[in-house]
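Colleague: Going line by line, the protein sequences match chains A and B.
The end of the first sequence is residue 122 by my numbering, with every number in the run present.
The end of the second sequence is residue 122 by my numbering, with every number in the run present.
Watch out, some of these pointers could steer you wrong.
Unchecked claim - One-sided and incomplete, this derived list gives chain B residues near chain A with beta-carbon spacing under 7 Å: (1) Tyr49; (2) Arg50; (3) Asp62; (4) Ile96; (5) Ser103; (6) Glu107; (7) Leu114; (8) Leu115.
Since the hints were made in silico from the structure, they are not lab data.
Every residue gets a Cβ at the ideal spot worked out from N, C-alpha and C, and that includes glycine.
Number of protein chains: 2
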Amino acid sequence: MASEHPNHPRLRILMGDAVALGPGKADLLDTVAATGSISAAAREMNMSYRRAWKLIDAMNRDFRRPLIAASSGGAGGGGAQLTDAGREALRRYRSIEKKATASVADEIAAFADLLTDDGNRG
Amino acid sequence: MASEHPNHPRLRILMGDAVALGPGKADLLDTVAATGSISAAAREMNMSYRRAWKLIDAMNRDFRRPLIAASSGGAGGGGAQLTDAGREALRRYRSIEKKATASVADEIAAFADLLTDDGNRG
């Protein structure tokens, strides 16, 4: 998490309007890595399989090398895992997020004071 | 804009999951300030008046002081302008965005090299 204080706004980073990799996709990469499966990751993130698949397909097309490799079939059904490129993209994204957030931690805390308690729920 | 290079990913910052102020709302504040009208701002941003109004209403509730003051009626129809609180929130948001982006400019440029030309369209 960008902030350790749950009642403060958190920084999130989007890469461009097309969002080649943003917070939602980064979380999806993390969850696929943890579960080893697109369908299990989708369930855990409360999104449809179709939506998870579309996000992954978009990432695999936007990056020079695919971020996720899926295998289909077999007795246990298909599995999915991050490729080396996927691990690298995710590591770099998290590093950028952390560094950018740290650079403005004081300003973010001060900004939160402009909000009502409800406005601070994020 | 966060980057002067149109083909590079841009950083955008969201404040929390509830997003009291994010890139879309910040742009809306800018456009209301420029046009002096919610309906003109909505047109310019290709969003419905209803959506613009809902975003503004949410901001006015999430912040301790309203960010936009709207006046209705009169010969020329209603107008809208940023309050002092609105100008302050917007100024602080842009400052945070700029500082955070500058802190990771090199990492963002390197990240862009992972993307295809299409993935860099954002």
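Colleague: Hints first: check each against the structure and report whether it holds.
Modeller: Consistency of the hints with the structure:
Taken as an interface hint, Tyr49 (chain B) does not check out: its beta carbon lies about 23 Å from the nearest beta carbon of chain A, beyond 7 Å. Interface hint status for Arg50 (chain B): violated, as the beta-carbon distance to the closest one in chain A is roughly 22 Å, over 7 Å. With its C-beta approaching chain A no nearer than about 3 Å, Asp62 (chain B) sits inside the 7 Å limit, and its interface hint holds. With its C-beta approaching chain A no nearer than about 5 Å, Ile96 (chain B) sits inside the 7 Å limit, and its interface hint holds.
For Ser103 (chain B), the suggested interface contact is upheld, since its CB lies about 4 Å from the closest CB of chain A, less than 7 Å. This hint holds: Glu107 (chain B) has a C-beta 5 Å from the nearest C-beta of chain A, less than the 7 Å allowed. For the restraint placing Leu114 (chain B) at the interface with chain A, the shortest Cβ-Cβ distance is roughly 6 Å, inside the 7 Å limit, so the hint holds. Against a cut-off of 7 Å between C-beta atoms, the interface hint on Leu115 (chain B) holds, since the closest Cβ of chain A lies about 5 Å away.
Checked against the numbered hints given earlier, the structure breaks hints 1 and 2 and satisfies all the rest.
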